[in-house]
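Chemist: Chain residues, written in single-letter form:
Protein chains: 2
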Amino acid sequence: MINKWRIEETKFSEKTSGKHEALMTLGNGYMGIRAGFEEDYAGQCRGFFIAGTYNKAGLNEVTELPNIADVTAFDIIIDNERFSLLMGKVHEYSFALDMKTGELKRELIWENSGNKRFKMIFRRYVSLENRHLVCSKISIEALDEGAEVKIKSGIDARQTNSGVQHFYEIEKRVYEDKFMQYIQRTTESSVDIYLNTFLKVKPDFNKSFTIERRKLLEEISGIIRKKEILEIEKISLVYTSLDKEFNAENTDIGLYSLEKIKELENSTYDELFQKSSQSWKDFWEKSEIKIKSSDEFDSLAVNFSLYHMQIMTPFHDNRFSIAAKGLTGEGYKGHVFWDTEIFMLPFFLYTNPKTARQLLEYRYINLDEAKKKAVSKNFRGALFPWESAFDGKEETPEFAAINIKTGKANRVWSAEKEIHIVADIAYAVIEYFHVSGDSEFMKSMGLEILAECGKFWVSKAETDPETGKYVIKDVIGPDEYTEHIDNNTYTNYMAEYTVSRTVELFEKLKSTDNGLYLKLSEKLGLDKELPLFKDFTQKIYLPKPDKNGIIPQDDTFLSKKIIDIGKYVESDSKQGILKDYTRDEVVDMQVLKQADLVMFLYLFKDKFNSEIIRKNWYYYESKTIHDSSLSMAIHAITALYFGEKDIAYKCFQKACLIDLGSNPNSSNDGIHAASLGAVWLACIKGFGGVSENNGVLSINPLLPDVWEELEFPLVFRGKGLRVKTCKEYTELTSKSDDILEVYINGKKYELKDYLKISY
Amino acid sequence: MINKWRIEETKFSEKTSGKHEALMTLGNGYMGIRAGFEEDYAGQCRGFFIAGTYNKAGLNEVTELPNIADVTAFDIIIDNERFSLLMGKVHEYSFALDMKTGELKRELIWENSGNKRFKMIFRRYVSLENRHLVCSKISIEALDEGAEVKIKSGIDARQTNSGVQHFYEIEKRVYEDKFMQYIQRTTESSVDIYLNTFLKVKPDFNKSFTIERRKLLEEISGIIRKKEILEIEKISLVYTSLDKEFNAENTDIGLYSLEKIKELENSTYDELFQKSSQSWKDFWEKSEIKIKSSDEFDSLAVNFSLYHMQIMTPFHDNRFSIAAKGLTGEGYKGHVFWDTEIFMLPFFLYTNPKTARQLLEYRYINLDEAKKKAVSKNFRGALFPWESAFDGKEETPEFAAINIKTGKANRVWSAEKEIHIVADIAYAVIEYFHVSGDSEFMKSMGLEILAECGKFWVSKAETDPETGKYVIKDVIGPDEYTEHIDNNTYTNYMAEYTVSRTVELFEKLKSTDNGLYLKLSEKLGLDKELPLFKDFTQKIYLPKPDKNGIIPQDDTFLSKKIIDIGKYVESDSKQGILKDYTRDEVVDMQVLKQADLVMFLYLFKDKFNSEIIRKNWYYYESKTIHDSSLSMAIHAITALYFGEKDIAYKCFQKACLIDLGSNPNSSNDGIHAASLGAVWLACIKGFGGVSENNGVLSINPLLPDVWEELEFPLVFRGKGLRVKTCKEYTELTSKSDDILEVYINGKKYELKDYLKISY
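Residue numbers (the working numbering), protein chains in the order written: chain A, 1 to 759; chain B, 1001 to 1759.
Derived by calculation from the structure, the hints in this document are not laboratory data. Think of the CB as a built atom: it goes at the ideal place given N, C-alpha and C, for glycine as much as any other residue. Just to be clear, a hint being listed does not mean it is correct.
Using 20 Å as the maximum straight-line C-alpha spacing, the simulated SDA-like pairs for lysine to any residue come out as follows [claimed, not checked]: (1) Lys393/A to Gly331/A; (2) Lys1207/B to Glu219/A; (3) Lys1408/B to Ser208/A; (4) Lys1405/B to Ser208/A; (5) Lys1015/B to Gly114/A; (6) Lys1089/B to Glu14/A; (7) Lys1056/B to Glu188/A; (8) Lys1405/B to Gly254/A; (9) Lys1579/B to Glu219/A; (10) Lys150/A to Asp1572/B; (11) Lys1405/B to Phe179/A.
Some chain A residues well away from chain B (every beta-carbon gap over 12 Å; in silico) [what the hints assert, rightly or not]: (12) Gly43; (13) Gln44; (14) Asn80; (15) Gly88; (16) Thr101; (17) Arg158; (18) Asp177; (19) Gly222; (20) Ser287; (21) Gly407; (22) Tyr493; (23) Asn609; (24) Asp669; (25) Val742; (26) Asn745.
Chain A on its own, in the form it takes in the complex:
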């Protein structure tokens, strides 16, 4: 029986440690802590990441989120034997993340080599109420006989990113014989991390403190009698010198955080947990998608997506954005990609628009760097980095790892060629404005981003001497198996769309707020630029369906060789095709890593009739290996555009398995954030049929057969709605009385507080 709120393991296995560590990560957007066990195992990979604390560890290393000192480990010695599930016997076992409350809990009965049984419960959460707070609780009950117990726990700064150490040790102290404080500093970016922790132990045990190199530990020891329960609570607070609250003042953060931990001296795990789970409750009320279905797995997968989007997003600080693996692992080094704007941002836009705005503010803050990058490549405007970290500089490594056999370095072209990110960000700005109606944002930031993106496209476009059209040459589209191509359909349409909208928005501004328009015009040179923008939109080459109705992915794609990709699609191991073919060979085939033309159809469905969409979907799907986690959910949504709900549902289920599937190693380096965002997209923009057209909401639900009902919250232009849809009807409710114009299944309605469309 699936419990839609629980990610769980019912059997201990070393093999799945990478998976459960990532999937059951606890977090709150400020920090993420992988779900490593309290006790150590070879191969276990603890991970503790704090948003924005990027560091570059020197020669040949790339800026990444460092793995900070651990507070989750407990070394437990019972009757002089180290507690490990590899030893003795495990009689009952359950290990689960409760996504409803954000608590990780492991319950088991362990029999040691002396045939004594112990009931052990391990609990842990990262507070959603106080973003600096982490709490653990361990209880050990001697079921058969008394036992001698020794436990060591504290702060362990020996953690590395796969062997790379990012920190200097600054200080380790014990205050008042209770509070441990450890301060570490990143080696290059000089971010200080302040870890504070203390233990509460019942019954009274002996205690002492020890230091080892890069460790500060408390050891407690004593006897538990038969049926007695030993309880240890560990309360930890973590701050960094990046924290916004310290920006203005010259706070001694060591002292400040020590005061804060002292304030928690009399707090309990449970009491602090109540506060955190209340915050989780608030979150779920605002976000939960309810699916009535015979298969609870879908609900579980959707909850999993939402849970992770909540813990991966740095709500607290607009200087940071969402990393491709969230805060769940070392993969992609904590860098920010187009994933944020195209795959994750819509969830926030439709449930928590403040956060969506903040994610766009991150791009605005880094606009200057994007302009510098454009200049460095001889363009104008803003060329956003393909991979972004703390300061908006391009973080994509120029070369991938050297080919170990040839010794040749594979050039990574994404930073230079995957320029569709400029349009992706502009698209998100426009979508944000359409859905939120937040003109204040547009006036203060959004329009400026759009103008700089427009300038980039104008400077990037070349005139084709034969046709006189503008063409965009030598790019990489969303599909990264196809490089150095001209006129990628996705890119050209996105450029055209965003630049057209930019022109419209500025023209509207001119008439509604001429003062601001003039100010912006001076700053951005609109007098000169807007005519260029218009010229661009008129002359940009937009590929059309060929005689068979197939829209070319780019100028040459359709003329490339076609191979049978079956074995690569079925394979569990990613990029299997690169074992049989070189990268260059793959570039010359009609083989896609991920949705590209289909990605285009997803965003531009109204440009084509459903027959064209259908034809293209089948054409391209048969050539797509789905070696990217960004692919499957988009295929699900687009299949719905031509009514194929069964195929859509199959794609959706595959997308849900990207992290939740049986491959024990697919998430070792972290969950797939964009894919989780895409699961939400598939539910709401896909089956729920939600879209917007120039600021007008449209709902065209099409549920899979196994779904009896789909219910979800939406915020649209400031109005909070609930949408419920099933075979019989679609129902919209709102608590506010503002009128909202809405199209349901293509028909226009005015929604006040309630609307029900029966079929």
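Starting from the structure of chain A, add chain B where the hints point.
Modeler: Okay, now just chain B, sitting in the frame of chain A:
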């Protein structure tokens, strides 16, 4: 039954991993590799150290020997289950270091969770013949049924020094689908390490190569049938940019080492092992101490000492010396202390004088730094660093770890106050000359060292206004529980002795080689200095026995408070007294960490009659906690000076247990090098009664009752001897016909090729 050649464990236990890793370390003076298991365990600490490759890892870190990339790990998957002795059942188990051949071998029968049994043999050695070579061999036999086996092994550069990473990754490559090469560079000292390795597998298995972050691995996989044996040999070569052979030319070491590993393509583990074990055979022939005793443990302990002195000593390069933990762990950070000259050098002096000379050359190479240190402290001459590493700079941290409770840093005074190291080095130079007769060394280096040491003492001494004597104030003697004292007896006598000898040596040089004398005189200012040296020796205050016959350790020691130290002596945990008393309180007590006045008696036994030695021995022994491993063996030797062979033997046995005792954690950070040297001292200078007086050999054996016979080799003034002694006689044999004057039990003899003194 003890096998005197085997350090072994007959039962697998996680708890003793730190101990066996250090004790069973393999090495050859160039490199040391801790005896970590092939498979991973939580808490296992792999260690691979190469002499001289010191690096400082940045802020708040101390220069240390870095832990280089590992080549010993094998990840073994049998029937989809990771091989670990924590899982399944272990039916037979033996794990042993054979010190006679330098091979580490583990044999076991493992039953996996599918109830299949496998006979597994793991072998490994570091070549004593080719110092760059490390070989492993694994064999797996399926005893019950066939099985699927996957093994990954290669080069793993994720190793750290307790979380501190010392390396940048420079390159990882696979050549000719076989040879793996990994290049890493220390972050500050820019030493490049070149690791080259390949696997040979029988029968033919599938193979492939993979890279992970900081890892380069080969994976082999296949099926072994019942009774079939899978054999994997791994041959590795390691070079560094420090290697002397590359100093002169501009060699591409990557290419060079690749050629070298290719040359070994057709070599086998066994064939290369034969060469290495022949070198071990040669070593033992030159060094073995044979003890006929009812208790084989003594022989084991002595072999253990000799084995480790052989693998810890960088014979290949006079720019390096012996670290306090050899190359067996992170303890003392690979630094060189007085331990080398006073505790380890005599072994080489009496068995392999070329190495003894080389260890002194290390000091000569760093003489300029010692002179700079003297100047910086307002002295003249040479003030050698208390802790020395690559360039002879003082490496002692100025502060010990901050007291975690008070937040106050404990000042470490050793660098400034433990100046007896200046005399210790001079003493070793003189002893070297006396025993080897190597006047070439004295002329080219030794005399210069002595003169600079002499200058230091002259500049350090102050005139006592009351007595007119020279006093040496505010020092730390060998006993580090006593700080800031005046006229430490050990220090004053050592200064007097070394400066007197220096004067004599220069006077002798004047008459035998006036040309060189004049040259040195000009360089060293002897015209001015020698009168100062004489004046120093005449007026230096040398403490004498008081009315009770007790020689004061320093000016104030005998007036300090006496406490009962019983509980601290018995305790297994070091420095227990510092849990009850502050450091300052301990300084004000008659409590010794280690031999100090007794250390003095050890070196100056002829200055006092045996009654005085006895009285002082008992007085000081009762106040010594032996919290230093440098203590117990010295007490053993000095007890023999007053004929107490039983007590001496008890002390000797305790000294043998410093590493070989039952405490599973006492050697985690590495073996105790000085203590191992002292075990040799106790055998040869103690029970064997070997000493020298101004270049004349003296032998006064006194064996413990349980020893029937003691036989050992000696090299004295170029003549190779064997000494055999028992209750009935002492016998000396030599292969050379040169006449050697020797005192046996106080009586003078002339040894040609054979001499037997019957009792």
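Chemist: Each hint should be assessed against the structure and marked as holding or not.
Modeler: Each hint, compared with the structure:
As the CA atoms of lysine 393/A and glycine 331/A are separated by approximately 19 Å, the hinted pair is consistent with the 20 Å bound. Between lysine 1207/B and glutamate 219/A the alpha-carbon distance is near 47 Å, which puts this suggested pair outside the 20 Å criterion. Between lysine 1408/B and serine 208/A, the direct Cα distance comes to roughly 18 Å. Compliance with the 20 Å bound is thereby established for this hinted pair. Pair hint lysine 1405/B plus serine 208/A holds up; C-alpha atoms about 11 Å apart against a cutoff of 20 Å.
Between lysine 1015/B and glycine 114/A the CA atoms are separated by roughly 16 Å; this keeps the pair inside 20 Å, and the hint holds. With a C-alpha separation of about 17 Å, the suggested pairing of lysine 1089/B with glutamate 14/A holds against the 20 Å cut-off. Of the supplied pair hints, the one linking lysine 1056/B and glutamate 188/A holds, its CA atoms being roughly 16 Å apart against a limit of 20 Å. Among the hinted pairs, lysine 1405/B with glycine 254/A is consistent with the structure: their alpha-carbon atoms are about 15 Å apart, no more than 20 Å.
For the proposed pair lysine 1579/B and glutamate 219/A, the alpha carbon gap of about 15 Å is at most 20 Å, so the pair holds. A hinted pair counts as satisfied when its Cα atoms are at most 20 Å apart, and lysine 150/A with aspartate 1572/B qualifies at roughly 18 Å. This hinted pair checks out: lysine 1405/B and phenylalanine 179/A have alpha carbons roughly 10 Å apart, not beyond 20 Å. Look at glycine 43/A: its CB is around 6 Å from the nearest CB on chain B, not clear of 12 Å, so calling it non-interface is violated.
The beta carbon of glutamine 44/A is not kept farther than 12 Å from every beta carbon of chain B, the shortest such distance being approximately 7 Å. Once the 12 Å rule is applied to beta carbons, asparagine 80/A is inconsistent with being away from chain B; the minimum gap is 8 Å. At the 12 Å boundary, the C-beta of glycine 88/A falls inside the reach of chain B, the nearest C-beta of that chain being 10 Å off. Every Cβ of chain B is farther than 12 Å from the Cβ of threonine 101/A; the closest lies at roughly 30 Å, confirming the non-interface assignment.
Taking the minimum C-beta to C-beta distance to chain B, about 3 Å, the non-interface status of arginine 158/A is violated against the 12 Å cut. Its closest Cβ contact with chain B, about 7 Å, brings aspartate 177/A to no more than 12 Å, contrary to its assignment away from the interface. Even its closest Cβ contact with chain B, about 19 Å, leaves glycine 222/A beyond 12 Å, as expected for a residue assigned away from the interface. Residue placement check: serine 287/A keeps its beta carbon more than 12 Å from all beta carbons of chain B (closest about 35 Å).
With a least CB separation of 6 Å from chain B, glycine 407/A falls inside the 12 Å interface cut-off, contrary to its annotation. No Cβ of chain B comes within 12 Å of the Cβ of tyrosine 493/A; the nearest lies about 38 Å off, and the non-interface call holds. The claim that asparagine 609/A is not at the interface with chain B holds, since no C-beta of that chain comes within 12 Å of its own (minimum 48 Å). Chain B draws aspartate 669/A into its interface by the beta-carbon criterion, the shortest separation being 10 Å against a cut-off of 12 Å.
Against the 12 Å criterion, valine 742/A stays outside the reach of chain B, whose nearest CB is about 50 Å from its own CB. Look at asparagine 745/A: its CB is around 51 Å from the nearest CB on chain B, clear of 12 Å, so calling it non-interface holds up.
Of the hints listed earlier, those the structure fails to meet are numbers 2, 12, 13, 14, 15, 17, 18, 21, 24, in rising order.
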